[in-house]
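Trainee: Produce the complete structure using the sequences and hints provided.
Residue numbers (the numbering used here), protein chains in the order written: chain P, 1 to 334; chain Y, 1001 to 1636.
No lab work stands behind these hints, which were simulated from the structure alone. Just to be clear, a hint being listed does not mean it is correct.
[Stated by the list, open to error] Heads up, simulated EDC-like pairs for lysine to aspartate or glutamate below, C-alpha to C-alpha not over 16 Å straight-line: (1) Y:K1262 / P:E184; (2) Y:K1262 / P:E89; (3) Y:K1262 / P:D175; (4) Y:K1219 / Y:D1149; (5) Y:K1262 / P:E90; (6) Y:K1262 / P:E86; (7) Y:K1482 / Y:D1449.
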Amino acid sequence: MRWYVARRLAWALVATWLAVTLTFGVLLAAPNPGADAAAAQCASQDRDPEQCRQQYLESRGLDRPAHVQYIDYMTDLAALDFGYSESQEEPVTAAIADAWIYSAQYFVPSIIISVLIGYSIGLYSALNRYTLTDYLGSFVAYFGISIPNFWFAIVLILVVGVYFREASLLGVSLDALSLRTYYETSYGVFTVENAKQLIMPVIVLATASVASQMRYSRAQALEYANADFVKTARAKGASTWRVLVAHVLRVALVPLSTILIVDILAVLFAGSFIIEAIFQIPGLGRLQLEAITQKDTDLVAAVTLIPVFLAIVGNLIQDLAYVLLDPRIDYGDR
Amino acid sequence: MSDDQIDERRRRVLQAAAAAGVSVTLAGCSSGGDGDGEGTPGTDATDSVDEEFAPQGPGDRSWITGTTSGAQSLNPLAISDEATNNRLDLLYDPGSVTIDGLEFEGRMIEEYEIADDFTAATYRLRDDLEWGADYGQVTADDYVSFVRDIALGGPDMRTGVVGYSQTSSYILGGEPIEIEKLGKLEFRVNLPQSRGFWLSEDPIRTAYVLPADLIEKYKPFEQREVNGNQANVITQIGQDEAIVEGDLSGNLGPFNFESWDKGQKLVVSRNEDYYLSGTELDGLGAAGPNLEEYTYQVFDEQSTAYSAVRAGDITTTGVEGRKVEDVSQSDGVSIFESDFGEGTFFLSLNHRVNGWAPIRESREVRQAFAHLIDKNTLVDQIFSGYGDPIGTFHEAWGPFYPDDLPTFETGIEPAKEKFANGTGSDYGYDGDTFLGPDGEQVELKMVIDNTQQTPEIVGNYIKQRLGEAGIAVTIEGTSFGKIIANYLQNSVENNPNYDGEPSFQASGFNNGAYDEAIGKNSWDLIYGVGFSGNPFTPWGTIRALLPEQSQFNFMGYRPDFDVSGTATAAATASSEEGTRENMNELFTFLARDQPLTWLFSPQATVAYRRPVEGLPEPDSFWDRPDARTIGLRTTE
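Mentor: In structure tokens:
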């Protein structure tokens, strides 16, 4: 088991190195808007644009051979020196430290909600196939998958943020149900105001994720719905929820946990760009987007590391969790 | 409209009084003047204040301006965008502001006088201006140091220090202006040529200067390390603690710096020491600021800003014309409308050798585009009517817009006729299809900025109209940055048919003659590039864009008219009449020659929460609420 973990950790390092190298290569090959801007500014001042471009590149060490830049960069990275963010005008670590808390505030609840609700609906649907609740569950799933995040977010803001503030139902004002249209950074993390303004981003992000968790769990649970041990449990008088949680979920968790990490990372990270842009949340998604558009190399590389790290560590934890979920799995001989 | 329609425009005003050669005392701190009829608080430029209105959100309780562009810096020397300029306006007053085309209002500069021959101007500063961060009183030394060391601080005194972008305003006819100190609060600027409209062009009047002692700290100017990189003096000064912490503003601006979260928001609070507080100002009454706090909130997604103003979460935001109806549906929103929008929109035509040859060879072909495009339709579709068609390079309401411009009847048939007549015998119509020398249908490549909806609408419309005239169009969508890099910037190296040196190199956008330098990719039409017509001083933009060897003549246009000379004659005329005559001649030529297809200029539309007080009557270009911040107030 220890040997297995050690090998997985070593592989984690290789994967991280590959991801960072790829990112570095792509950024190196892309045009540099900072240099272009410097050149354009000089052109407008009757200066030689090429000279200005060169000065810009020199001042940032970007005129050096690619391999020198690469070695330099990797050396700094190994020393946990992530460099300085041009776009944020602060060290990369400070920029990430400022941003992650905003992402975590809606990211973590979204994961919890999507897993809890997704699995619950999926399992329940599996054991109640072709019933109204099954159709309802499927509707929720397909709605969540089909509806574009950006559209859902904009409509939700319009309905809950704008219309609720002015509308009434049966003479009762809906204002109390309305929520802020965008994220206000001055509220404390653990305040009611902050929790309220996170409701819409969490709903939007969780919707897509709930749907996919629900579909997977339903499919897995269906495999066991007519298994002998389920029939036995029912015959012994176990309630539906006991059958679901204690018997079906237990065995379904192994395959479900396999897809959980990758799926959540894909849905949530892809969604975070959109969510943060629309709700104006200054988190990692916006940070990365800005870093990419401004070709802030140091920041792009550092922010790229976060999902890579989460994916690698998540996969490792998931493999180790197999042992707990299914005692038949043993890494002792690997 | 950008961050949105705010007031760089104050830089570009025509000052008739100055042109008449009289001594001008800026109204500044005294009452008087006849600035009435505008800016009367609570007038019905928009809905008046409603006593019954119940505040709905934070935007009704404190001032929050929603904007889609964040400031890049708070360094007064590094202003290259309006967003930064607008933020700094809250912290530092300029020398003076314009309240309409004929009238200035003093701020830091109390009065000035222009010589009868328009070759010198004398300025006097107020005596109650104090820098923050212990830099003491604002004096003439600060202005002299700023102009000599920064604006003209390059090695030959004809360029600024590296990184300063406004130097061209201090060079007239190729020669720099000279500045000299006359007294503690008085200085004089000597102009290298007669400039009847100096007061409207004057960069000193709107510059954000710095204390001479602060500039002195960074001498000698040389590259130094800032945050691990070698940085020029502008960047070094930008990192000075007094600037980073916003301490420098002292009593010089209506607000004090509180916090800045780049890309998110800037918060400033009322400056109790503001030197103008309580002073009676023309059209404003007693100067505020009346707001305890002012926030600039950035929105990446404009629809969120629209929702926010409808919900009362912000106080104001600029609104695209086509969205006005949606946004104004909310009871709490009123729309400030002004005919005096800024910007001229046009279809760029490629006159270089990597474009369709008839464009550069035939005026008739260029006029055919003008026949083809129904500008009223574009205005209706894009701006929901909040715009005006233009026939030349000037805003429709601009002070120099000629009354009797050549016009081109909108229609397919007149366009087809001119396409046929202007292209010679190699071309011709086969039924409804316009064929080229190779016998195939003529196909043009149109490049648009597809990151925005407006260019897509325009692109599709033009494609449809050209299709009706028998010409096929391929639309290539790309970002604005790539349009610049791949199409506008040009070089002889991109031209396989030219291997000599370019006959001139004006800039990266005009790196040689039309048959020498070309962009990386070929193109025929581009929509998505625009310039302000600078309505009150249009000669500067025209000289930069249209003469054959001008900096931004990316099109490779070769006018058969002395564009540069006429524009210079207008700028240096000693009377308003002289300027008007020259501009009339120039604009008429541009309307006839159609080097670009002139399309429209937008009107200004800004959404406000209904209880906002102090909005001006939109009687002139300068009657913008955001230019009158110190007079605005919310309900609470």
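Trainee: Taking the hints in turn, state whether each one holds.
Mentor: Hints versus structure:
{"no.": "1", "hint": "Y:K1262 / P:E184", "result": "holds, 14 Å"}
{"no.": "2", "hint": "Y:K1262 / P:E89", "result": "holds, 9 Å"}
{"no.": "3", "hint": "Y:K1262 / P:D175", "result": "violated, 32 Å"}
{"no.": "4", "hint": "Y:K1219 / Y:D1149", "result": "holds, 9 Å"}
{"no.": "5", "hint": "Y:K1262 / P:E90", "result": "holds, 11 Å"}
{"no.": "6", "hint": "Y:K1262 / P:E86", "result": "holds, 12 Å"}
{"no.": "7", "hint": "Y:K1482 / Y:D1449", "result": "holds, 9 Å"}
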